[in-house]
Amino acid sequence: MSLWRQISRGLRVLANRDAADRDVADEVEHYIDEASANLVARGMTPEAARRAAQLEYGNATQVREEVRSYGWENALAAFFADVRYAARRLRRSPGSTVVSVITLALGLGTSTAIFSAVYPILFEPLPYPQPGRILLIWDSNEGERSMVTFHTWREVTQRNHSFETLAAADAPLWQPTLTGTGATPPERLDGQRVTADYFRVLGVSPAMGRDFQASDDVLNGPRVVILSDALWRRRFQADPAIVGQQITLDGDLWTVIGVMPRSFENVMAPPARVWRPMQYDTEHASNFSTREWGHHMQMLGRLRAGMPTELARRDLNEIAHNPVADFPRAPWANLQFGFIANALQVEITHTVRPALLAILGAVLLVLAIACVNVTNLLLARGVQRRGEMSVRVALGAARERLVRQLLTESLLLAALGGALGVLLAQFSIRTLVALAPADLPRIGAIAVNGAVFAFALAITTLIGMAVGLIPAMHATRADVQSGLRQSSRHSIGGHQFTRHALVVAEVSLALVLLVSAGLLLRSIERLFSVDVGFHASGLLTMQVQETGHQYDIDMARYQFFEQAREAVERVPGVTAVAFTSQLPLSGDLDGYGVEFENEFNPQDDGSVLRYSVSPNYFEAMGIPLLHGRLLNSHDTIGAPTAIVISESLAKRKFPGRDPIGNGIRIGPGSGNPREPWSIIVGVVGNVKQTSLALGQTDAVYVGPQQWYWVDNPMSLVIRGSGDVAALAPAIRRAVWSVDKDQPIVRVATMDHLLAASEAQRHFALVLFEAFALMALVLAAIGIYGVISGSVTERIREIGVRSALGATRGSIIAMVLRQGMSLTGLALIIGLGGAMAASRALVTLLFGVGPLDAATYLGMVALLLAVSVLACWIPAWRAAQVDPSQTLRAE
Amino acid sequence: MDDATTDVIQGTLDMLILKTLSLEPMHGFGIARRVEQISRGVFKVNPGSLLTALQRLERAGWLDSEWRQTENSRRAKFYWLTRAGKKQLEVETAEWARRAGAIARLLKVEG
Chain A
1 MSLWRQISRG
11 LRVLANRDAA
21 DRDVADEVEH
31 YIDEASANLV
41 ARGMTPEAAR
51 RAAQLEYGNA
61 TQVREEVRSY
71 GWENALAAFF
81 ADVRYAARRL
91 RRSPGSTVVS
101 VITLALGLGT
111 STAIFSAVYP
121 ILFEPLPYPQ
131 PGRILLIWDS
141 NEGERSMVTF
151 HTWREVTQRN
161 HSFETLAAAD
171 APLWQPTLTG
181 TGATPPERLD
191 GQRVTADYFR
201 VLGVSPAMGR
211 DFQASDDVLN
221 GPRVVILSDA
231 LWRRRFQADP
241 AIVGQQITLD
251 GDLWTVIGVM
261 PRSFENVMAP
271 PARVWRPMQY
281 DTEHASNFST
291 REWGHHMQML
301 GRLRAGMPTE
311 LARRDLNEIA
321 HNPVADFPRA
331 PWANLQFGFI
341 ANALQVEITH
351 TVRPALLAIL
361 GAVLLVLAIA
371 CVNVTNLLLA
381 RGVQRRGEMS
391 VRVALGAARE
401 RLVRQLLTES
411 LLLAALGGAL
421 GVLLAQFSIR
431 TLVALAPADL
441 PRIGAIAVNG
451 AVFAFALAIT
461 TLIGMAVGLI
471 PAMHATRADV
481 QSGLRQSSRH
491 SIGGHQFTRH
501 ALVVAEVSLA
511 LVLLVSAGLL
521 LRSIERLFSV
531 DVGFHASGLL
541 TMQVQETGHQ
551 YDIDMARYQF
561 FEQAREAVER
571 VPGVTAVAFT
581 SQLPLSGDLD
591 GYGVEFENEF
601 NPQDDGSVLR
611 YSVSPNYFEA
621 MGIPLLHGRL
631 LNSHDTIGAP
641 TAIVISESLA
651 KRKFPGRDPI
661 GNGIRIGPGS
671 GNPREPWSII
681 VGVVGNVKQT
691 SLALGQTDAV
701 YVGPQQWYWV
711 DNPMSLVIRG
721 SGDVAALAPA
731 IRRAVWSVDK
741 DQPIVRVATM
751 DHLLAASEAQ
761 RHFALVLFEA
771 FALMALVLAA
781 IGIYGVISGS
791 VTERIREIGV
801 RSALGATRGS
811 IIAMVLRQGM
821 SLTGLALIIG
831 LGGAMAASRA
841 LVTLLFGVGP
851 LDAATYLGMV
861 ALLLAVSVLA
871 CWIPAWRAAQ
881 VDPSQTLRAE
Chain B
1001 MDDATTDVIQ
1011 GTLDMLILKT
1021 LSLEPMHGFG
1031 IARRVEQISR
1041 GVFKVNPGSL
1051 LTALQRLERA
1061 GWLDSEWRQT
1071 ENSRRAKFYW
1081 LTRAGKKQLE
1091 VETAEWARRA
1101 GAIARLLKVE
1111 G
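Protein chains in written order, with the working numbering: chain A, 1 to 890; chain B, 1001 to 1111.
Any given hint could turn out to be false.
Okay, the calculated beta carbon distance ranges per label pair [claimed, not checked]:
1. A1104/B x M44/A: 36 to 44 Å
2. A1094/B x L14/A: 34 to 42 Å
3. A81/A x G1041/B: 20 to 28 Å
4. D21/A x G1041/B: 30 to 38 Å
5. T1093/B x M44/A: 30 to 38 Å
Here are some chain A residues the structure puts well away from chain B; computed CB gaps all over 12 Å [claimed, not checked]:
6. Q6
7. W254
8. V422
Here are the simulated EDC-like cross-link-like pairs (lysine to aspartate or glutamate), alpha carbons at most 20 Å apart as the crow flies [said to hold, decoys possible]:
9. K1077/B x D18/A
10. K1044/B x E56/A
11. K1087/B x E1024/B
12. K1044/B x D18/A
13. K1087/B x D723/A
Hints in this document: simulated from the structure, not taken from any laboratory. We put the CB at the ideal spot given by N, CA and C, even for glycine.
Please put together the full structure from these sequences, using the hints given.
Next comes the structure, spelled out in structure tokens:
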């Protein structure tokens, strides 16, 4: 009842403001009338009575105001009046308003975007039950992470005491072709080949059907698959009866036994849409020339409840250093360096962590600069308004009312900046995801983080608000007189110092960002001038796969690739075509142990990259022959195996000698005395395989028919004239003219692969450049604001100086000197900060030291130039001051 | 101005208004005059506080109001107690008696 009355009366007042005001006025008027009538009755004259009544009861206006301020609707009205007034004030100084709003929006938008992107990757727990209990375990190769072999997984599974269960997943994706039905074309799927416990380690069960079980995961076991929710919906129309049905993969019938939940996020292999059991051979462990001894497995385990990671590590290394007869070990998987085991989250992010942390640091600097800038602007605004505040206090404004008004103004500014910032954050996140390197984990989980935004908004505005309030508050103190006299500049000194300190902070932070961006820029330049070892431009690459039972015979497979190569060669515009089992800079990585007949440097162990290539691969790629001969069409089945090695391997293994004619055993043959020696026939130049920055180039090349098995898929490399990317459709048709059912994927120019291989550094660089630019602009605004403000405050002094004969040049010099002394101080502080910050960047740098003098000098020069520019405008304005006018204004 | 007048005791204005209006409907100045008269000039009512308090009590549903002619044929806003207002007056009177009694006992002990 009462609440209802409150609301309805309030609404009535709001709806008819004038009537309500009249009501109050009439009542007050009547009151005063009655009061004076009462006094007249006691014998006063009407005039005296009226004066006495007003003295006793206060003047009608005051009473009316007092009565009118009652009620929520009036508080609301006062608030709106404040907002309207604040909006008017902000409109009156559009420059500083626009700059404040944009500054806020930039700081808020970017920091929210970056933190929102980084948070799910680095900080948010993985979307699994007790994610901290899931460890990823690597074989340690002299401290470097190396994948485990199947038999290593088997040994650890059976001997450990720390894990509930351990699973292994084949690292190269299983890529079966799903046969088309009716209108739907065949499709190459991305899938994973996993041991039975894979989903149990992650702690997620299928939403429909059942999980894999031990009886599925046996050699020649049943053909069963689990589908992802996405695949089930897309290809099978979310058929609720899918479990138990058969689908055709690579020409075989597979039974669907389950569908994963929609929420399941597979961080181990995000593209995977289908899973099959591993079904590797658990017997014959002493035969080392099997795929079960290849380093191509990722091993993950779920710790027993309450088991500390440290104890599990000790347990693992105990196993590594104590081989037992039941579990023979291949020489390349003898676990002599133990294991590397860390929480899954740490492992999937460890490659991107340095870049992301650096970016996070950078955006915090931007936020700090934005914060400083807004503070400075509000401070300036507050100082300017001392006069106004004094007038209003003198006219009887209540202090709370003034404070509320100032707060409203700051809040309005914050709201505008915040709204723009939210839009900017949305936009930046979309840009970020589009720009992000493809290997960024958990990219699907990135979304605007409301809490972060609120936090950023709060700190920027709270600080600004508090600071902006101080000078205005001073004005509302008793000292109205001094405020009213425009000579308030005496007391401005203290604020001036604060503003100078803030600008110095801002400029020095900007220098830190500029130097970081500069170092990254130089790193990228250095990287892209690295010799990759082949002619990258004018190369088109694509991956071709054979599927179907017609390729069960090896000869048919060689034949298909050779025919495809010849068909592509006939495409107009193509000058050379070759294929290779692994393509440089594409993410392919296929390494093997190696053994030499004559060891000239036996201490130096290590693995080599193995390429099965068609003979003309070297010409097509433009890899130079340094010594001996290249592979040719005679290096085929029946002939002695011919091997071409890379220059780095030749130098390392045959220092000062001729490697040609020496015997070599690779991969499965390595360490097997019954295996005949392959012969080194040539030495070619080094090629960058994994990335431009990494030096690992030891490589061997072998003809496809002389390798132990047929590689599938293979990559075609096509050299063409003109725009090679435009040749792709014709090349596809040429391959399909040989067999129309073979999927072609990963079509990309080598230039594109080259750029993508440095995507992470490039990503960091783009962001740092953007942040540094922002910082530079904000710093310039900051300098401009302070110098410009100080010119305004010193306008009379400048007028006096020029009246006393100071030249324009000397006045400009005076103002510039003031600005430059601030910049100079900031640069000194900033250099120190930059030196410290650049150490954190070291892992992202390439070819430049963190203290690269050229970068530092360049950025200092840039910042100096910008701040001269920022000071020049107010300096020039100062020089235009007409002494007769300013002095007359006195 | 009488030296003996003081402002209404903090927190009792509402009760005084309710009590005054429990006798008959009245306008603002009437209430003020009645309070001064009955208290024999001890209490003086500030018009700003009084008119604000009337608004508040009306919002709370204890008073109703209407513009009427006064005896000297002027228009004035008259207030009267509602049923809820009568109940509230009883509550406040009881509460006041309880407090006043307590204070009186305390002063007696002191004396």
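Which numbered hints are broken by the structure, listed smallest first? Numbers 3, 6, 12 and 13, in rising order.
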